[in-house]
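Chains as they are written, first to last, in the working numbering: chain A, 1 to 358; chain B, 1 to 398.
Footprint (simulated), chain B over chain A, 3 or more residues, beta carbon under 8 angstroms:
{"id": "1", "segment": "24–31"}
{"id": "2", "segment": "122–130"}
{"id": "3", "segment": "174–183"}
{"id": "4", "segment": "257–271"}
{"id": "5", "segment": "295–303"}
By construction, these hints were calculated from the structure, which means they are not laboratory data.
Built from N, CA and C at the ideal position, the CB exists for glycine as well.
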Amino acid sequence: MGFLIDGFNQLQTWLLILLSPLNITEPVLQFMLVSAILGLSIYLTLYTGMFSLANGGFMAIGAYVSVLLTQQAGWSLSLSILTGMIVAGIIAVPIGLPVLRLRDIYLAIATIGFGEVVRIMALNFDDLVESFIKWMVQKEILFDSLISRAETSDMLDITIRDNGNVRVNFELLGGARGIKGIPVMAETWMLVLFLIIVIYFIIRLHRSRLGRAMAAIRQDEQAASNMGIDVVYVKNVVFVLSAMIAAAAGGLSGHLTRIIDPSNYGFDLVVDILAYAVLGGTQTWAGPVIGAMVLRALPETLRGFSELRGLINGLILLGAIVYLPSGLVDIKGFRGLVAYFRNNRTQRKEMVKDNANT
Amino acid sequence: MKTSRKLFLLLLILSLPTLFISAQDDMDMQIGFWEECATPENLPETVTIGAIFSLSGPVSVYGSVQNQGVVLAIQDINEAAYLGEGVTLEVIFEDAQNDAEQAINAMTKLIEEDGVVAVLGPTLSTQAFSADAIAQENGIPVMGVSNTASGITDMGDFVFRNSLPESAVTPGTIAQASEILGIESVGVLYGNDDDFTVSGYEVFVDALEDNDIDILREETFAVGDVDFSTQLTNLLSDEPDALVISTLAAEAVQIITQARDLGFDGPIIGGNGLNSPSIIEQAGDDAEGVIAGAAWNIASPNPLSVAFAAAYQEAYDFAPDQFATQAYTGAWLMATAIRCADSTDGQAVRDALAGIEGFDSPLGSFSFAEDRNPVHDPVVQIIADGAFTVLGADMTDE
Numbered sequence: 001m002g003f004l005i006d007g008f009n010q011l012q013t014w015l016l017i018l019l020s021p022l023n024i025t026e027p028v029l030q031f032m033l034v035s036a037i038l039g040l041s042i043y044l045t046l047y048t049g050m051f052s053l054a055n056g057g058f059m060a061i062g063a064y065v066s067v068l069l070t071q072q073a074g075w076s077l078s079l080s081i082l083t084g085m086i087v088a089g090i091i092a093v094p095i096g097l098p099v100l101r102l103r104d105i106y107l108a109i110a111t112i113g114f115g116e117v118v119r120i121m122a123l124n125f126d127d128l129v130e131s132f133i134k135w136m137v138q139k140e141i142l143f144d145s146l147i148s149r150a151e152t153s154d155m156l157d158i159t160i161r162d163n164g165n166v167r168v169n170f171e172l173l174g175g176a177r178g179i180k181g182i183p184v185m186a187e188t189w190m191l192v193l194f195l196i197i198v199i200y201f202i203i204r205l206h207r208s209r210l211g212r213a214m215a216a217i218r219q220d221e222q223a224a225s226n227m228g229i230d231v232v233y234v235k236n237v238v239f240v241l242s243a244m245i246a247a248a249a250g251g252l253s254g255h256l257t258r259i260i261d262p263s264n265y266g267f268d269l270v271v272d273i274l275a276y277a278v279l280g281g282t283q284t285w286a287g288p289v290i291g292a293m294v295l296r297a298l299p300e301t302l303r304g305f306s307e308l309r310g311l312i313n314g315l316i317l318l319g320a321i322v323y324l325p326s327g328l329v330d331i332k333g334f335r336g337l338v339a340y341f342r343n344n345r346t347q348r349k350e351m352v353k354d355n356a357n358t
Numbered sequence: 001m002k003t004s005r006k007l008f009l010l011l012l013i014l015s016l017p018t019l020f021i022s023a024q025d026d027m028d029m030q031i032g033f034w035e036e037c038a039t040p041e042n043l044p045e046t047v048t049i050g051a052i053f054s055l056s057g058p059v060s061v062y063g064s065v066q067n068q069g070v071v072l073a074i075q076d077i078n079e080a081a082y083l084g085e086g087v088t089l090e091v092i093f094e095d096a097q098n099d100a101e102q103a104i105n106a107m108t109k110l111i112e113e114d115g116v117v118a119v120l121g122p123t124l125s126t127q128a129f130s131a132d133a134i135a136q137e138n139g140i141p142v143m144g145v146s147n148t149a150s151g152i153t154d155m156g157d158f159v160f161r162n163s164l165p166e167s168a169v170t171p172g173t174i175a176q177a178s179e180i181l182g183i184e185s186v187g188v189l190y191g192n193d194d195d196f197t198v199s200g201y202e203v204f205v206d207a208l209e210d211n212d213i214d215i216l217r218e219e220t221f222a223v224g225d226v227d228f229s230t231q232l233t234n235l236l237s238d239e240p241d242a243l244v245i246s247t248l249a250a251e252a253v254q255i256i257t258q259a260r261d262l263g264f265d266g267p268i269i270g271g272n273g274l275n276s277p278s279i280i281e282q283a284g285d286d287a288e289g290v291i292a293g294a295a296w297n298i299a300s301p302n303p304l305s306v307a308f309a310a311a312y313q314e315a316y317d318f319a320p321d322q323f324a325t326q327a328y329t330g331a332w333l334m335a336t337a338i339r340c341a342d343s344t345d346g347q348a349v350r351d352a353l354a355g356i357e358g359f360d361s362p363l364g365s366f367s368f369a370e371d372r373n374p375v376h377d378p379v380v381q382i383i384a385d386g387a388f389t390v391l392g393a394d395m396t397d398e
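Take the sequences, apply the hints, and build the full model.
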């Protein structure tokens with residue numbers, strides 16, 4: 001393993017030198033890889049025809065679980081990310097069973113709601129625990145064990161004033177302030193390795209029974225069901241897989257940024273993740289991967305434009321979506337684009353017809 | 001036609017301040033360690049520092065004034081040849097919007113590709129927690145000019161800040177308010193989903209308890225809320241002597257006007273979120289009796305502060321706020337460290353920065369504490385007759 005990592009690091013150094021005119025430094029590359037993993041997580045659900053936007057919520061779960069495990073319990077990175085994935089997967093089951101009965105925009109709204117619930121839970125978790133402990137102290141339930149716990153733990157702090165007022169201080173998730181001082185444990189080779197594993201898994205999945213069922217459900221849920229595919233089962237399995245991939249991305253990014261706080265996992269993130277898939281296209285797994293990488297690299301590449309970069313970034317994306325409506329990774333789309341600029345009307349019409357047929 | 005004329009006027013306005021500033025040189029001379037440190041001799045022709053601010057996105061209201069403050073400071077520094085004849089101080093500004101990842105990217109770019117001597121920023125505390133660690137690892141001094149969260153400078157000995165945290169301002173605010181106005185009970189309203197407002201709230205609670213002021217009730221809101229009448233009705237039903245609010249500037253105006261609409265005419269005490277001229281502009285008469293403790297306010301009588309406010313007004317056509325002042329002072333502090341170190345080596349600049357003591361600045365006499373946190377006097381002010389006035393002074397007049 002060691003010489004492989006060395007070899008990879010050599011390769012990475014060269015790659016970064018090649019990419020440096022684009023302003024892509026190592027951290028940028030790392031965030032691009034994390035985004036690529038997130039892109040794959042939404043690809044799975046979109047491939048099955050589910051417009052689910054729960055990835056942000058699962059990413060938050062993965063991040064919080066794995067960060068707590070490495071920081072508080074001293075677990076190793078791989079083990080804690082794996083645990084984060086499993087926790088997200090378990091949470092995905094009861095969420096998926098009722099919610100996946102919804103379709104299209106209704107599913108999107110319900111899953112955005114889930115993401116918000118996760119974010120607000122993370123925001124208020126400490127307060128919830130605080131008021132619960134305060135209630136217990138006032139009612140003198142488990143009073144002695146609570147007080148002795150408060151004395152030994154840095155998380156919990158109980159002060160009882162002379163006038164009987166009780167103040168409880170509990171800090172685990174840190175509310176709006178988030179968790180700080182997270183050690184940077186994730187390295188580029190881990191991200192690349194994980195991305196390759198997920199891509200390999202997805203390629204294999206496409207050729208499996210489950211993968212065929214996913215495609216069938218996307219094309220026509222009713223017909224798939226009539227053919228004997230257990231639609232509810234397949235949808236839930238995909239939802240769980242997607243949640244686990246998002247959780248892994250969360251765990252990895254949490255160990256890159258040194259701080260996680262609930263505002264990282266709000267609605268903006270969900271829109272970003274969706275944009276990866278929209279920009280890259282969802283015909284193949286490569287779409288969201290390329291889309292995510294381009295979208296993450298673009299603001300850095302455009303740094304030279306200072307305040308204007310948001311505008312230029314937006315224009316480039318708009319151009320890409322107008323001229324390549326089915327994504328960056330779409331050969332037909334590129335051919336259409338070439339035709340467009342040659343102003344070859346007949347060819348263009350053919351392209352339109354072609355696209356309409358598929 | 002019209003646009004070109006406007007553009008021409010704009011250019012004219014922009015070019016004016018440079019004339020004025022050069023005329024004002026003698027006034028600005030007061031800033032800096034002119035005598036304490038000899039004019040440096042070993043500096044290269046251009047000394048480059050970096051600045052990471054939120055120049056676009058939702059918090060660009062802070063980042064853009066910080067940018068302007070630094071630009072003004074750099075102009076002053078170079079025109080006064082503070083780093084020696086023929087030596088120019090240059091700043092590379094990087095935008096980090098409002099996320100931690102971009103701050104990491106910007107910090108990496110500044111250090112690895114631009115090879116800066118030191119870095120000012122980033123704007124947000126959450127960004128500082130991500131990005132400052134990179135500066136620490138590379139031995140590059142970094143100074144936050146708006147980070148107020150606790151624990152920023154615990155990241156390492158290369159991490160500084162010149163922004164007074166709420167915990168240094170609030171105890172004074174509460175003590176003075178209770179002494180002068182005789183407040184015995186309060187209702188507390190705070191935003192519970194923001195780093196700044198939660199920190200502010202906790203400091204308020206501690207300060208209130210230290211001054212034996214009863215907290216009758218606590219209510220919360222979320223950033224972006226516009227209707228606070230439910231929370232305010234609950235708070236006012238206990239008939240508190242004063243309201244204590246921990247909020248950002250965006251929500252402050254709504255809270256103040258809604259509290260007044262509900263018939264509350266007592267003092268409204270807050271932190272830096274209330275320290276903005278826009279509060280008076282937007283809340284009008286309702287803002288009377290608002291008490292704000294802050295690191296700096298335009299009403300400050302300090303001559304350097306008055307000179308800075310005038311120069312800033314000339315340059316940008318609007319009054320500076322605390323963020324601009326702290327950024328301006330931050331750039332001067334960094335230049336002073338480079339001057340005193342007479343070197344562009346990170347370690348030397350860091351040591352010089354840590355050694356700054358009694359630096360006369362628009363923030364007052366400024367020093368760094370042992371833990372690289374700022375030490376200077378905060379100001380407690382009350383809005384009376386449509387203007388900020390220093391709290392104690394106002395009362396003795398009456």
